[in-house]
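S.K.: Take a look at the letters that make up each chain.
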Amino acid sequence: MMLESIITKMKKFNSLKSIPAYLPIVNIDTDMIIPKQFLKTIKRTGLGKNLFFEMRYDDNGKEIKEFTLNNEPYNNSKILITGNNFGCGSSREHAPWALLDFGITCVISSSYADIFYNNCFKNGILPIILNEEKIKELSEYSKRKEEISIDLNNQKIIYGNNEIKFEIDSFKKKCLLEGLDDISLSLEKLDQILSYEKKIMNKKPWIFND
Amino acid sequence: MQLTLYDKIWNEHLVHQQKDGTALLFVDRHLIHEVTSPQAFEGLRNSNRKVRQPNLTLAVVDHNIPTTDRSKGIKDEDSKIQVETLDKNCNEFGIQLFGMNDKRQGIVHIVGPEQGFTQPGTVIVCGDSHTATHGAFGSLAFGIGTSEVEHVLATQTLVQKKAKNFRINVNGKLAIGVTSKDVVLQIIGKIGTAGGTGSVIEYAGSLISDLSVEQRMTICNMTIEGGARAGLIEPDQKIFNYLKDRPMSPKNESWDRALEYWNTLKTDKDAKFDKEINLTAEDIAPMVTWGTSPQDVVTIDGKIPNPENESNIDRKNSIDRSLKYMGLKADVAVQDIKIDKVFIGSCTNGRIEDLREAAKILKDKKKAAHVHGMVVPGSGLVKEQAEQEGLDKIFIKSGFEWREPGCSMCLAMNADKLKPEERCASTSNRNFEGRQGRGGRTHLVSPGMAAAAAISGNLDDVRKYNN
Ligand code: SF4
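Read top to bottom, the protein sequences are chains P and G.
Just so it is clear: in the first sequence, position 203 is 203 by the working numbering, and no numbers are missing.
Just so it is clear: in the second sequence, position 270 is 270 by the working numbering, and no numbers are missing.
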């Protein structure tokens, strides 16, 4: 067994309570989440101030008043409710890094782009999938500035006197709850990797440029 | 059981599988570039890990480098640091790098095939969503995030869940002036940007077999714009001929063995697909995008859509928003839209055949006076080949700039970008808000269409110039 301290790298996802921010736009792409001028960084941190840059600031770099996340209490939201196909476009992990750095650790949408969805889990962000009807219902809580709670362990969103169940892959859930580091988990299977490589060296030697 | 090509490649690469279906997949080829790798290498260093298979990894600079004179280095400080960081990381971890002044340098998805690094039946990943391009060779190729880049560097594997099988059949013949770019734009318009989510798309049918290797790459390249994990095509003799004698292709006896294996990479006749659609090539016309999503397509003889005709309220709002951003009015004829810039290049359309197609239209013609035109070859080798064929002269004579290879104005991370409200006919793959520069307006088209637009100064029908 590996030491717990080596395997846990990511921040654990516990339950969460926050007034959600609501961005009712469909197909928000990764260029909208974090435009390319901020991809020149060699760090993972510090991107929060540039999250949704084009929608958030005017040409002079001043905050645009009408943009939700520029206003109390949404500038402190930990939960973002948004339109379908969120995170489409590029593979840039800068998108979840920017969300995380801003303080958002849970996104709720009716669908996500595959790569973005995967990237969230690697960074301790929970992307929840709900149907449009439920999303409309939850968005009311954003408008009324009321808190909602996320209980990952029981796969529940609690709002007012109601609750909704959500689906999540059991392995991904476990990794989030325990903050498990994928690489350490995979390296526990080093023997299998070694024997696979050995097999391939015989069967398809050209793969190794032989 | 009858299997799809995707099923077969998947099974072949399984290192381990959990009961819940989560699999550890072996990665045969890992491409890296300067933008999505620095944090991955930093992660390796912090946990004292090595690159497991440096020989299966190839690095190239492309996203962030100047396409003008490179003798003075990179002006932008952040870009320079990123490029230098890749150099340092590749040195430290023993990875082959094509640097900025290497003739083999170019856009990562053009370099891989060109070098023979891309091969049928392999699993290929890269921290870039357009990795789907390599699927044209019958490989399972897809984009990954930076944490996954680190995972592949450290373990030569990737944690994955199997996607669904989706087949798109295109049969028939394309009319003159219609290209594989138009085919894929039509497909995205039809299935939508989320239409392929959770699936791997196999392209099949008589048209796909008739296409050249490079034309197939254009289709697989834009698969991600339809939301699919990957796009692939059964490898055939054209693919094998293309790969023969490339620098990193198998040689001698290895070639024979590889070929024998590659010939088995076929979807079984009765394999089941979760989803399947059919297109007729004859129905496809030259396409252009009007909005801010690649699914916003219209034929070149069409009109800008009217949001009032839309019953779905989300869709109506989204059209409204796009038209406002694009500075367009509903019901205007596409060919009446005036453009300011033309960009020919990118991993979608920056290969030699693309340049030939554009040059054929531009030969002995001048671009419109108000248009600024730029050709950015996809790699140093594409550039060299084009110059041998005299294509550079055709472009320059018609008033285009002839640049050094890279991603350039496809994503405008370097100095090549649109100014606010500038309108561009572009052979790239994304027309998102701000993609080619803040406030810039992108119309995605084929290389021939881009050339036609440059000549007339409006979005125009390439078929007028084809005879
Ligand atoms: S050319 Fe454009 S799409 Fe292709 S890799 Fe470069 S930035 Fe990405």
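A couple of the hints might just be wrong.
EDC-like mimics (lysine to aspartate or glutamate), calculated; alpha carbons at most 20 Å apart, straight line [what the hints assert, rightly or not]:
hint, chain 1, residue 1, chain 2, residue 2
1, P, 43, G, 314
2, P, 173, G, 20
3, P, 43, G, 76
4, G, 316, G, 331
5, P, 43, G, 78
6, P, 203, G, 253
7, P, 173, P, 151
8, G, 324, P, 59
9, G, 419, P, 54
10, P, 134, G, 314
11, P, 204, G, 234
12, G, 50, P, 58
13, P, 204, G, 78
14, G, 266, G, 282
15, G, 164, P, 169
16, P, 189, G, 20
17, G, 419, P, 59
18, G, 419, P, 188
19, G, 50, P, 197
20, P, 136, G, 256
21, P, 203, G, 76
22, G, 19, P, 188
23, G, 75, G, 404
No lab work stands behind these hints, which were simulated from the structure alone.
S.K.: Does each hint hold? Answer for all of them.
M.R.: Against the structure, the hints:
Among the hinted pairs, residue 43/P with residue 314/G is inconsistent with the structure: their alpha-carbon atoms are about 36 Å apart, more than 20 Å. Annotation: proposed proximity of residue 173/P to residue 20/G holds, straight-line Cα distance about 12 Å (limit 20 Å). For the proposed pair residue 43/P and residue 76/G, the alpha carbon gap of about 17 Å is at most 20 Å, so the pair holds. Pair hint residue 316/G plus residue 331/G holds up; C-alpha atoms about 15 Å apart against a cutoff of 20 Å.
Between the alpha carbons of residue 43/P and residue 78/G the distance comes to roughly 12 Å, so the proposed pair stays at or under 20 Å and holds. At most 20 Å may separate the alpha-carbon atoms for a hinted pair to count; residue 203/P and residue 253/G meet this at roughly 13 Å. Note on residue 173/P and residue 151/P: the hinted pairing holds, with a Cα-Cα distance of about 11 Å set against a maximum of 20 Å. With a C-alpha separation of about 17 Å, the suggested pairing of residue 324/G with residue 59/P holds against the 20 Å cut-off.
Restraint check for residue 419/G and residue 54/P: the C-alpha separation of about 14 Å stays at or below 20 Å, so the hint holds. With a C-alpha separation of about 16 Å, the suggested pair residue 134/P and residue 314/G falls inside the 20 Å cut-off, and the hint holds. For the hint pairing residue 204/P with residue 234/G, the CA-to-CA distance comes to about 19 Å; that is within 20 Å, so the pair holds. Simply put, residue 50/G and residue 58/P have alpha-carbon atoms about 44 Å apart, too far for the 20 Å limit, and the pair is violated.
Restraint check for residue 204/P and residue 78/G: the C-alpha separation of about 42 Å exceeds 20 Å, so the hint is violated. This hinted pair does not check out: residue 266/G and residue 282/G have alpha carbons roughly 26 Å apart, beyond 20 Å. About 16 Å separates the Cα atoms of residue 164/G and residue 169/P, which keeps this hinted pair within 20 Å; it holds. Between residue 189/P and residue 20/G, the direct Cα distance comes to roughly 17 Å. Compliance with the 20 Å bound is thereby established for this hinted pair.
Of the pairs offered as hints, the one joining residue 419/G and residue 59/P holds, with about 12 Å between alpha carbons and a cut-off of 20 Å not exceeded. Proximity of residue 419/G to residue 188/P is assessed by CA-CA distance (about 51 Å); at most 20 Å being required, the pair is judged violated. With a C-alpha separation of about 17 Å, the suggested pairing of residue 50/G with residue 197/P holds against the 20 Å cut-off. Simply put, residue 136/P and residue 256/G have alpha-carbon atoms about 59 Å apart, too far for the 20 Å limit, and the pair is violated.
This hinted pair does not check out: residue 203/P and residue 76/G have alpha carbons roughly 47 Å apart, beyond 20 Å. Pair hint residue 19/G plus residue 188/P holds up; C-alpha atoms about 17 Å apart against a cutoff of 20 Å. Simply put, residue 75/G and residue 404/G have alpha-carbon atoms about 16 Å apart, close enough for the 20 Å limit, and the pair holds.
In the structure shown, a violation is registered for the earlier hints numbered 1, 12, 13, 14, 18, 20, 21, in ascending order.
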